[in-house]
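A.B. asks: Let chain A serve as the given structure and place chain B on it in line with the hints.
Read top to bottom, the protein sequences are chains A and B. Numbering-wise, this note's numbering puts 85 at position 85 of the first sequence, and it's gapless, one number per residue. Numbering-wise, this note's numbering puts 78 at position 78 of the second sequence, and it's gapless, one number per residue.
Partial list, derived from the structure: chain A residues whose beta carbon lies under 10 Å from chain B: (1) Thr165; (2) Arg167; (3) Ala169; (4) Ser170; (5) Ala172; (6) Leu173; (7) Arg179; (8) Ser183.
Interface residues of chain B toward chain A, partial, derived using beta-carbon atoms under 8 Å: (9) Asn72; (10) Met74; (11) Leu77; (12) Val102; (13) Arg106; (14) Met110; (15) Phe112; (16) Lys114; (17) Asn116; (18) Phe118; (19) Pro119; (20) Thr120; (21) Ala129; (22) Leu133; (23) Thr134; (24) Leu186.
Simulated from the structure, these hints should not be mistaken for lab results. C-beta: ideal position from N, C-alpha, C; glycine also.
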Amino acid sequence: MINSYGFRKLKNRLFFVLCAVCVVIAVVPLASILFEVAIRGAPQLSITFLTANASKGGIGHAIQGTLIIVGLTSIIGIPIGILSGVYLSEFGNNRYTQSLRTINNMLTQFPSIIVGITAYALIFNILGSSKWAFSTLTGAVALSFIMIPIITRTTEESLKLVPNTLREASLALGAHKWRTTLSVVLPTTKTGLITGILLAVARVAGETAPLIMTIQGSRYFFRGLNGRIAALPLEIWTNSLQPYPEAQAQGWGAALILIIIVLTLNIAVRLASRRE
Amino acid sequence: MTTLAQENITTKPSQVFQEIDSNAKMQAINVDAWFGQKQILKSVSLSVKPHTVTAIIGPSGCGKSTFLRCFNRMHELVPNAKMVGQILLDGKNIYDRRIDPVQIRRRVGMVFQKPNPFPTMSIYDNVAAGLKLTGVKTGKSLDEVVKRSLEQVTLWDEVKDDLKKPGTSISGGQQQRLCIARAIALQPEVILMDEPCSALDPIATAKIEKLVIELKQTYAVVIVTHNMQQASRVSDYTAFMYLGELIEFGETGQIFENPKNRLTEKYITGEFG
Numbered sequence: 001m002i003n004s005y006g007f008r009k010l011k012n013r014l015f016f017v018l019c020a021v022c023v024v025i026a027v028v029p030l031a032s033i034l035f036e037v038a039i040r041g042a043p044q045l046s047i048t049f050l051t052a053n054a055s056k057g058g059i060g061h062a063i064q065g066t067l068i069i070v071g072l073t074s075i076i077g078i079p080i081g082i083l084s085g086v087y088l089s090e091f092g093n094n095r096y097t098q099s100l101r102t103i104n105n106m107l108t109q110f111p112s113i114i115v116g117i118t119a120y121a122l123i124f125n126i127l128g129s130s131k132w133a134f135s136t137l138t139g140a141v142a143l144s145f146i147m148i149p150i151i152t153r154t155t156e157e158s159l160k161l162v163p164n165t166l167r168e169a170s171l172a173l174g175a176h177k178w179r180t181t182l183s184v185v186l187p188t189t190k191t192g193l194i195t196g197i198l199l200a201v202a203r204v205a206g207e208t209a210p211l212i213m214t215i216q217g218s219r220y221f222f223r224g225l226n227g228r229i230a231a232l233p234l235e236i237w238t239n240s241l242q243p244y245p246e247a248q249a250q251g252w253g254a255a256l257i258l259i260i261i262v263l264t265l266n267i268a269v270r271l272a273s274r275r276e
Numbered sequence: 001m002t003t004l005a006q007e008n009i010t011t012k013p014s015q016v017f018q019e020i021d022s023n024a025k026m027q028a029i030n031v032d033a034w035f036g037q038k039q040i041l042k043s044v045s046l047s048v049k050p051h052t053v054t055a056i057i058g059p060s061g062c063g064k065s066t067f068l069r070c071f072n073r074m075h076e077l078v079p080n081a082k083m084v085g086q087i088l089l090d091g092k093n094i095y096d097r098r099i100d101p102v103q104i105r106r107r108v109g110m111v112f113q114k115p116n117p118f119p120t121m122s123i124y125d126n127v128a129a130g131l132k133l134t135g136v137k138t139g140k141s142l143d144e145v146v147k148r149s150l151e152q153v154t155l156w157d158e159v160k161d162d163l164k165k166p167g168t169s170i171s172g173g174q175q176q177r178l179c180i181a182r183a184i185a186l187q188p189e190v191i192l193m194d195e196p197c198s199a200l201d202p203i204a205t206a207k208i209e210k211l212v213i214e215l216k217q218t219y220a221v222v223i224v225t226h227n228m229q230q231a232s233r234v235s236d237y238t239a240f241m242y243l244g245e246l247i248e249f250g251e252t253g254q255i256f257e258n259p260k261n262r263l264t265e266k267y268i269t270g271e272f273g
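Only chain A is shown next, with the shape it has when bound in the complex (with noise of 0.2 Å):
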């Protein structure tokens, strides 16, 4: 009997195992790169290796680049990703709005060393000089470019989960549009923004391509916004191409603090969304 119980309940048997092995597959690589890098990196945490800069033998001009980096990105990138998020959901209710969506869309998926060419091209036709074009300044601008599309669609996204009854309650009080958008729309989507937010700031935090154009590197602690800085991903970049073993063993250390980065504000985005 070809649709006999037993044979049904084989057919459900196999599915799940296929599905299981098409999970292994998947989390192999990850798992292991996370297991190589940890065992390669962990003997070079030291004090020393997470405070000093790169002439001590350190990483931490660039733990303290990528923070940099990573704050003046979220002032430039979040304003104007909620703000476009706002647009597209709120006031969005026109024919341009589905072009926008779908030109967001394309670019949260941009290659980023595209992104990182622009920046630069942008920097030095506006201030006329290459000087501020390799800089702090002109690395965060090209992250934002990153950054902006992601806060825009999950904002968007986020906000239209919001009931609109929320929205006619407040409206119906005789509240302006703008009005009832930051007092009552964007509170009740709070752990939705923070997740999109979030999620953005570790992706911008591990991008490489952008900075090699932008910020080019650094062996020294900031130097203004108008100076080349350091940052982990550009670390790791940079230490894997030295003939040096010791040089190489600095890239793993920088790899492990950045990895422990993202992860940890990956468990945040859990957390800030678990709580709703």
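C.D. replies: For chain B alone, coordinates are given in the frame of chain A:
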């Protein structure tokens, strides 16, 4: 259904010249409304007298909620919604080009079908929301306004110790009274209620009905309801709508005991609905 529809063509009151009723608090004059291509309201005219409760009854889809939402310009917020005609508030057309709908909504409050307190705000802040969101100054302190509004909806004793708790933490019936308190905190002139009891149990419904009758001391109330018994209990005037037209409008006693239109009679006796 088709026979009923044909019957009411003969009673169609459209294109009748409507005089301005100087006694009315609000008056709708030949109101047509559309969602996209679909016409929802066909030349509906009606006046709402001060210190009365006007009920709008009719089967689902007859346009009663849409009509209600024309009274505080909420209808136009829906994409593709359109409206033609006049609605007067104290004799002035609220659809006048120079009038900001925001001003109208402060004077004409609304209570919705499902209780919709703001989930991020406390009970206190929900009541104060209207004043805070619109920046209205009442001359009295916010505490006083909140207390008075909650007392008016007989909610004060139930929540006075929990004012800091979220507005969504209380029961459905309490939430709906909270929403009424939120509306009256702004001291509007008219209160519109869109099936305010349809999501509530009988006990909560009885409380709201009692409240509606009390509210007319201060305000003009327009209530849309599915429930004919409710209309007969709370209202002074009743309008019966069917397929976007106003079939009959008159004193509630007359509509329920001695309807002039056969369609009204059929609806009230439960022959269709």
